[in-house]
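*Asks:* Here's the letter readout for the chains.
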Amino acid sequence: MVETLLEIHGLKTWFKTDDGMVRAVDGVDLRIDHGETLGVVGESGCGKTVTARSVLKLIDMPPGRFEGGRILWRGRDLIPLDDQEMNKIRAREIAIIFQEPMTSLNPVYTVGDQIAEVIALHQKLGRKQAMEGAAEMLRLVNIPNPQHRVHDYPHQFSGGMRQRVMIAMALSCQPKLLIADEPTTALDVTIQAQILELMHEMKDRFGMAIMLITHAMGVVAETCQRVTVMYAGKVVEEAPVGELFGQPRHPYTQGLIRSIPRVDRAAEKKQRLEAISGTVPSLLDPPPGCRFAARCRYASDICVREMPPLKEVAPGHFVRCVL
Amino acid sequence: MSRQWILRRILLVIPAMLGISVLLYTVLALAPGDPFSELAQNPAVPPEVAAALRAKFGLDDPVWVRYGHWFTSMMRGDWGFSFVSRMDVDTLILQRLPTTLIVIGAAQLMAILVALPVGVLAGIRPYSVFDQIANTLAFIGFSLPTFFTGLLLILVFSIQLDWLPFVYRADINATGWKFYWEHIRQSIMPVMVLGLFQGASLVRYVRSSVLDVVKLDYVITARSKGIGERKVVTKHVVRNALIPVVTLVMLQMPVVFGGAIVTEQIFRVPGIGSLLISAMLANDTPVVMAVTFVFSCLVVLCNLIADVLYAWLDPRISYR
Ligand SMILES: Nc1ncnc2c1ncn2[C@@H]1O[C@H](COP(=O)(O)OP(=O)(O)O)[C@@H](O)[C@H]1O
Ligand code: SF4
Ligand SMILES: [Mg+2]
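Protein sequence lines correspond, in order, to chains A and B. The opening position of the first sequence corresponds to residue 1 in this note's numbering, with each subsequent residue numbered one higher. The opening position of the second sequence corresponds to residue 324 in this note's numbering, with each subsequent residue numbered one higher.
Quick caveat, the hints were computed from the structure, so don't treat them as lab data. Any given hint might turn out to be false.
[Said to hold, decoys possible] Distance condition first, Cα-Cα at most 20 Å in a straight line; then the derived EDC-like pairs of lysine to aspartate or glutamate:
#1 A/LYS88 / B/GLU552
#2 A/LYS311 / A/ASP18
#3 A/LYS203 / A/GLU36
#4 B/LYS538 / A/ASP152
[Stated by the list, open to error] Computed beta-carbon distance windows for the label pairs:
#5 A/VAL2 / B/THR570: 49 to 57 Å
#6 A/MET61 / B/THR557: 18 to 26 Å
#7 B/PRO449 / A/GLY207: 41 to 49 Å
#8 A/ASP82 / B/TRP504: 43 to 51 Å
#9 A/LYS311 / B/THR570: 56 to 64 Å
#10 A/VAL2 / B/PRO449: 39 to 47 Å
#11 B/PRO449 / A/LEU81: 21 to 29 Å
#12 A/VAL304 / B/THR570: 39 to 47 Å
#13 A/ASP82 / B/VAL452: 21 to 29 Å
#14 B/GLY581 / A/ASP77: 35 to 43 Å
#15 A/ASP77 / B/ASP535: 48 to 56 Å
Here a beta-carbon is modelled for each residue, glycine too, at the ideal position from N, C-alpha and C.
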């Protein structure tokens with residue numbers, strides 16, 4: 001049997017603000033097995049980033065707060081752990097890369113310094129060896145001339161190259177899970193494909209699992225084995241990738257799939273992209289009931305009365321909808 | 324940081340100093356009153372004699388001619404003669420400059436040593452009790468002018484408690500450690516007054532800069548590496564937070580020197596600040612010119628230090 005690395009049960013990460021409680025993550029369940037790529041999709045503001053950062057406990061508390069749930073990393077709940085214990089897991093077992101490569105690296109240190117910092121810490125190496133390790137990592141992520149580039153500062157790299165540096169840094173301790181929070185959203189389309197390809201090459205080489213957060217359905221179809229769809233702080237559907245695209249059950253998932261730009265359809269020109277109308281509701285003290293109701297064409301009375309539970313409709317296929 | 328870049332910065336100082344000297348000279352020349360204006364009012368001196376004296380000293384030449392004279396003798400090391408102190412200006416300044424530099428330097432050092440950790444701690448724990456206390460104290464220190472805190476300290480520590488002398492004496496007749504001890508004792512209050520003012524604004528700068536930096540992405544990246552919060556702050560937050568602080572502090576240097584002048588006057592510190600004030604009152608133009616020029620040099624020097632520091636802190640400046 002495949003080892004389950006990460007299991008999140010009913011995670012609630014809320015933020016106390018002047019206006020009230022923002023329920024950014026409000027009962028999220030997800031699972032990642034050894035070596036698999038899980039896609040986490042949903043529009044902006046659905047709580048994907050907060051979920052990802054909660055796993056490594058990178059949320060500022062206050063204003064953030066864990067209101068409930070468990071984050072099981074290889075069977076052990078991370079929520080009660082203190083910073084010192086988390087630091088043994090960060091980078092060494094779970095690494096993370098972010099959406100903005102332009103701001104994710106510290107501008108005042110060379111990229112070599114920043115990669116070597118992780119290597120020196122977790123592999124207990126001296127500075128010189130750690131720098132050699134850093135250059136080796138840059139070579140692995142296909143940065144030309146790595147021996148020289150380790151001494152360069154982040155501003156001397158392009159966006160795509162910086163994301164490669166971030167990947168090199170994240171993988172330098174060979175983590176079991178890489179959380180990639182919209183790693184390509186800020187990049188040019190051509191660069192996006194290269195970065196995704198690199199991530200999967202690295203995944204095969206190191207045998208790690210990836211939690212790929214994105215709001216682009218197209219990316220998910222190409223790269224993931226399973227998909228978790230999030231809407232307004234909740235998981236609304238979870239399924240193997242083929243099944244999700246073949247038989248999407250939740251109206252939100254269906255909407256997301258219809259909004260994928262497709263080359264063949266675009267060619268006909270008449271069939272325009274169908275974006276889901278409306279926007280993600282405020283997560284500030286949300287009302288009971290299905291959070292998608294305001295935008296759902298199938299919404300009925302019972303939808304707004306209470307939150308539908310996450311039901312298993314087929315093996316491994318879960319949906320949160322009354323339909 | 325490249326050596327070439329530093330060299331270029333140093334070379335830029337020359338035109339800056341030239342410009343400042345021209346400006347200073349012109350302003351002082353236009354200002355009413357010169358060493359001979361008293362002569363003109365003195366009924367014992369016949370006007371022809373006064374006029375002859377003026378002509379002899381070249382006081383009626385056009386400004387640019389006088390500036391030329393001033394500049395060439397300045398370059399030769401002749402800073403003029405103080406009519407009031409009956410002394411060469413350069414000797415006078417050299418006598419007094421070290422005191423000023425020590426007082427300002429000690430005050431700056433104290434301000435930095437206190438304000439840096441306080442500002443950083445307040446910035447990483449905003450709105451905590453510590454932050455609120457630090458903020459309140461900084462606000463008070465920042466709002467009180469130096470002449471007020473100076474008088475207050477004198478009132479408390481010299482007059483009420485009689486712990487510290489309130490007049491700074493240059494002629495301490497003691498030897499060995501007692502000599503130094505007396506000097507330290509009499510420097511405490513001027514240094515405190517200046518340091519408090521500087522430290523208070525520094526705390527506020529550091530705090531707000533840290534507050535801006537801690538929420539940046541690369542700080543979260545640093546946390547995600549598992550390096551520990553202390554190292555995240557000291558290595559990844561502080562250095563970045565100091566970049567804007569260096570600029571702000573250096574922009575404030577003229578204000579610091581202004582505060583130093585007032586402080587020296589209050590405590591009768593025999594530095595170039597009190598020299599400037601007495602020279603201005605006595606219409607001792609060569610001294611006024613020289614001291615203002617020295618102060619300008621200090622400001623320019625501080626800016627140079629700031630630029631180098633800035634480039635050292637932020638590689639984006641000198642590596643392009
Ligand atoms: N520090 C915070 N304080 C208050 N609200 C927050 C904070 N961080 C995130 N949120 C809110 O949480 C919600 C989810 O944000 P996020 O996880 O970034 O969404 P996504 O990554 O899916 O676009 C948003 O409504 C956002 O405003
Ligand atoms: S529960 Fe109702 S409102 Fe929500 S998605 Fe299903 S049908 Fe639409
Ligand atoms: Mg996000």
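*Asks:* Checking against the hints above, which ones are violated?
*Replies:* 2, 4, 12, 14, 15
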